[in-house]
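Construct all of the structure, not just a fragment, from the sequences and the given hints.
Protein chains in written order, with this note's numbering: chain A, 1 to 115; chain B, 1 to 117.
Facing chain B, a subset of chain A residues (Cβ under 10 Å, in silico): (1) 32; (2) 34; (3) 42; (4) 44; (5) 51; (6) 94; (7) 103; (8) 105.
Sample of chain B residues with no beta-carbon within 12 Å of chain A, all distances over it, derived: (9) 16; (10) 20; (11) 53; (12) 54; (13) 73; (14) 75; (15) 76; (16) 86; (17) 87.
I should point out that these hints are in silico values taken from the structure, not numbers from a laboratory.
Yeah, the Cβ is synthetic: ideal placement off N, Cα and C, and Gly gets one too.
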Amino acid sequence: AQSVAQPEDQVNVAEGNPLTVKCTYSVSGNPYLFWYVQYPNRGLQFLLKYITGDNLVKGSYGFEAEFNKSQTSFHLKKPSALVSDSALYFCAVRDGNNAGNMLTFGGGTRLMVKP
Amino acid sequence: GAVVSQHPSWVICKSGTSVKIECRSLDFQATTMFWYRQFPKQSLMLMATSNEGSKATYEQGVEKDKFLINHASLTLSTLTVTSAHPEDSSFYICSARDQGRNNSPLHFGNGTRLTVT
Numbered sequence: 001a002q003s004v005a006q007p008e009d010q011v012n013v014a015e016g017n018p019l020t021v022k023c024t025y026s027v028s029g030n031p032y033l034f035w036y037v038q039y040p041n042r043g044l045q046f047l048l049k050y051i052t053g054d055n056l057v058k059g060s061y062g063f064e065a066e067f068n069k070s071q072t073s074f075h076l077k078k079p080s081a082l083v084s085d086s087a088l089y090f091c092a093v094r095d096g097n098n099a100g101n102m103l104t105f106g107g108g109t110r111l112m113v114k115p
Numbered sequence: 001g002a003v004v005s006q007h008p009s010w011v012i013c014k015s016g017t018s019v020k021i022e023c024r025s026l027d028f029q030a031t032t033m034f035w036y037r038q039f040p041k042q043s044l045m046l047m048a049t050s051n052e053g054s055k056a057t058y059e060q061g062v063e064k065d066k067f068l069i070n071h072a073s074l075t076l077s078t079l080t081v082t083s084a085h086p087e088d089s090s091f092y093i094c095s096a097r098d099q100g101r102n103n104s105p106l107h108f109g110n111g112t113r114l115t116v117t
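Right, dumping it as structure tokens:
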């Protein structure tokens, strides 16, 4: 079984400040980790992924995430938040050893960036 | 980049009628597509896995006869909500992975907001 936890329902940050959205996971095989963003009444947009290699992954719109195997975490970060970053963010995991493609999503974290 | 097109983006229907939602991969092929349902302020719930040329695999608790899935080609999957009821009102999202690219992420459609009156 695989699972994802996003402990914060909402994260508030002032524009220009750094932001972190937390994610921890559990998977029996190799973790393939993803971050997606969802704007109101829209589908999900892919931000970044970790499959293998460098633990620090850079993605779209200036976001990055750090894979920490010992802490089973994959926190999303951005050095300087923008008001337009306000959205719903989902962390997801897939078992890389499993041939299936199913992703398991966290509950989502709403990011509010205030001017 | 890979694009998944979902249609319609919103639909309002009367209770008892059926609604079909289409999910197309525009520039890649997908033997497998996924259908999710999202309730307000909640995460995505996987409803079923759509397999090209064969029967869909439904998650526990999802009614097969109510949510009919057809995956007739490598670029099209459809979800039909039959005999819709107000409790079926929700946001439905499909996704697909480019089978021609290793470790490709899932790409999502923009979703369909269904309102049953």
